[in-house]
Amino acid sequence: MTMNVVGKKTPRIEGPEKTNGSLEYAADLKQSSYLWGKTLRSPYPHARIISIDTSQASKLEGVKVILTGKDHPHLMGRMMRDLPVLAIDKVRFIGERFFALAADSLDTVNQALELIHVQYEELEPAYTVDAALRHDAPLIHESPQSYPGAFSHPDQPELPNLCSYGRWTHGDVDKELRVSDRVISNTFYTQKEHHGYMETHACMVDVGTDGITNVWASNKSPHLLRMQLAATFEIEPTSVRVHPMPVGGDFGGKGSPMDVPVAYLLSKNAGKPVKIVMTYQEELLAANSRHPSKITVSTGVTSQGNLTSLQVDAVFDGGAYGAFKPAPNINLHGLEQAGSCYRFTALDVTSHIAYTNTLPSGHMRSPGGPQINFAIESHLNIVASELGIDAYQFRRKNLLRQGDLAPNEEKWGTIKAVEVLDAAAEKIGWGTPKGSHVGRGIAMYERGPIGGDSSCQIVVHTNGNITLFVPVADPGQGAYTAMQQIIAENLSISPNRIQVKAAPTDQLPFDLGVSGSRVTFALGATVMEGLKTIKNHLLELTGSEDFDQGYSALCDHFEGDAIIDAYKSVPIFPDPPSTEFTAQAAEVEVDVETGLVRVTKFISAHDVGTIINPEGHRGQILGGAIQGIGMALVEEHLIQDGKPITLSLADYKIPNIADIPEFEVVYLPRNEGPGPYNSGAIAEAANVPSASAVANAIQDAIKLPVCQLPVTAERIYSMTHQNNVEEEGNE
23 MTMNVVGKKT
33 PRIEGPEKTN
43 GSLEYAADLK
53 QSSYLWGKTL
63 RSPYPHARII
73 SIDTSQASKL
83 EGVKVILTGK
93 DHPHLMGRMM
103 RDLPVLAIDK
113 VRFIGERFFA
123 LAADSLDTVN
133 QALELIHVQY
143 EELEPAYTVD
153 AALRHDAPLI
163 HESPQSYPGA
173 FSHPDQPELP
183 NLCSYGRWTH
193 GDVDKELRVS
203 DRVISNTFYT
213 QKEHHGYMET
223 HACMVDVGTD
233 GITNVWASNK
243 SPHLLRMQLA
253 ATFEIEPTSV
263 RVHPMPVGGD
273 FGGKGSPMDV
283 PVAYLLSKNA
293 GKPVKIVMTY
303 QEELLAANSR
313 HPSKITVSTG
323 VTSQGNLTSL
333 QVDAVFDGGA
343 YGAFKPAPNI
353 NLHGLEQAGS
363 CYRFTALDVT
373 SHIAYTNTLP
383 SGHMRSPGGP
393 QINFAIESHL
403 NIVASELGID
413 AYQFRRKNLL
423 RQGDLAPNEE
433 KWGTIKAVEV
443 LDAAAEKIGW
453 GTPKGSHVGR
463 GIAMYERGPI
473 GGDSSCQIVV
483 HTNGNITLFV
493 PVADPGQGAY
503 TAMQQIIAEN
513 LSISPNRIQV
523 KAAPTDQLPF
533 DLGVSGSRVT
543 FALGATVMEG
553 LKTIKNHLLE
563 LTGSEDFDQG
573 YSALCDHFEG
583 DAIIDAYKSV
593 PIFPDPPSTE
603 FTAQAAEVEV
613 DVETGLVRVT
623 KFISAHDVGT
633 IINPEGHRGQ
643 ILGGAIQGIG
653 MALVEEHLIQ
663 DGKPITLSLA
673 DYKIPNIADI
683 PEFEVVYLPR
693 NEGPGPYNSG
703 AIAEAANVPS
713 ASAVANAIQD
723 AIKLPVCQLP
733 VTAERIYSMT
743 HQNNVEEEGN
753 E
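Reading the sequence shown from the start, the letters are residues 23 to 753 in the numbering used here.
Among the hints, erroneous ones may be present.
[Unchecked claim] List of simulated lysine-lysine pairs, DSS-like, C-alpha gap at most 30 Å:
#1 K40 x K30
#2 K456 x K40
#3 K31 x K523
#4 K40 x K449
[To be verified] Pairwise CB distance ranges, derived in the manner of DEER restraints:
#5 H559 x T24: 22 to 30 Å
#6 Q521 x P691: 53 to 61 Å
#7 P691 x H175: 39 to 47 Å
#8 E684 x D196: 40 to 48 Å
#9 T24 x S325: 28 to 36 Å
#10 E684 x L561: 50 to 58 Å
#11 D335 x E615: 30 to 38 Å
#12 G435 x Q167: 34 to 42 Å
#13 P598 x L561: 26 to 34 Å
#14 N558 x E39: 31 to 39 Å
#15 H139 x E684: 31 to 39 Å
Read the hints as simulated data drawn from the structure, not as lab findings. Ideal Cβ placement from N, Cα and C applies to all residues, glycine included.
All chains should be modelled from the sequences, with the hints used to inform the complete structure.
Structural data, given as structure tokens:
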């Protein structure tokens, strides 16, 4: 099928506003006589609040409202509401909010906060999952199952400080392990990471005298934010109007209400709009981060190198609260994909998320995915090495083929796992000569989109131009441009005739928001539904039997704007089941004298349907892979005695332009996909196996297992020199 707009290079619809600086973000908002809000945060990881003296601050000119958690004991969260809007009787991590005020200016707010005097009683903390889950651990939450939205798995063990538990099984793992020729086990560790978005969380809330609360926030899921705010304060969702704002970067981190409930309380008590903008230090101190993990992987394998069974025991550090996790089971969906590219006949995966006295963990690009992928793909390299089999050939032998049932019991229509693996291996030069301390690594992943409810409104103007109203923000992935292209292709018109605008929550029905690589799939399906209605409406107006005259000619019959509402409940998983396979390969050079690693080449091979916007698609792949390289080598949000010590982007290292290797993207097209025009998903598929590929390349270069991220120069130096010392001692 020849297409004129879909699959063509198309400028980003919001590009001019971003480049000339006119695009307005939540932090830019101003209203007449609005107030500034700010919170005071705990300096202790675990402490009881004895008293808060606000007498001096309340006398400061310009201070309008002072709030404490004791006076406003409300609980907030994306699904599980265990986080007080303001700490009520005790604080559970350094950086937790326990006091808020609003004043005429930001300077006054900061002055007033310095006048607050607090007395604490320090409590015993638990900083690590091992400390938190031991039988005599101090309780961080006395009764976590009593919180609204808490989830209890039927197999959940009795452990202190257990936030959530999950288990996924298929087949009889114990039996398969017993009959396997070898059972190999390894334990892996991943770090806490921050998303590194450019824009900090910001919001403005106006609790109006008309009973309507207007909210502007850097939040990717406006309809969910409305529901979360309503649940926190037990008000009707229809009394909350959320206005979607441009989001300056997300990567999973902009789905929480964050300071919106605080601004709501301040505005309600002040009778004026209140604006709160977090500093980047506050982001790194108190915003959600990626879950650190300790993952033990055991596999059964035959002497011929056939995998039989997979057993995974994952323990995640959830931090002080579970409020930043949106899944109904308060867990991480990446665990459900454990080993999903391979022919395991039996599977047993358990996940424990523990409360600790550290900043809360939340969702970051494919929650749980990079952690579990690193553990399994690194483990497979170790297994291959122990069996004396090439790592690429070992994977190829065990990958799913067409018609196979995946370990998670999915049966996909098209399986191109072997093809993407072969493509990545060929492009990286697998098996060709390489220099000393040069390594090559490869890793696999599969990912499809999720669905869920979505809505849109299409306005056809009398001149035939179109305005599309959508219920979601665009965090930068190019969703608005993709929708513009889909409409232009469907109606055979120029993209320049189409505007895309965000609609407030009272204009459109519920939408699940931006997450799970779903927007092109779910919102795109809804837009296509609306386009069907438009065509039928035009044919009815003109009495035509077909669309041969073309859209523009038929539009001449309009006497006024036509408003088409579309709502579609898309299955949460594509039906029939659909996924796309990714293989990523890296080449590295390691200086064993210093431990320094340089990624010299990176290949990302993808099984894809139709690509709506080639530039945007490639940008997602490059950005995702670079983020994964950062996870592999440098990114780590360091916590010492419960206190984050990487509190600026000068301390929290992310890859820069000098770290980006030679990069090649390989596409293996197919004629099917769950989205419009057979499109698929890419945002998370591009990110998950990247760290694994780099870690496996380092393992190949230094000939030692890599079991912990990030693989810093210090760690490599320690590994290689410790190994040299041991070898010398054995001589």
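For this session: List in ascending order the numbers of the hints, as given earlier, that are violated by the structure.
Result: 2, 4, 6, 9, 15
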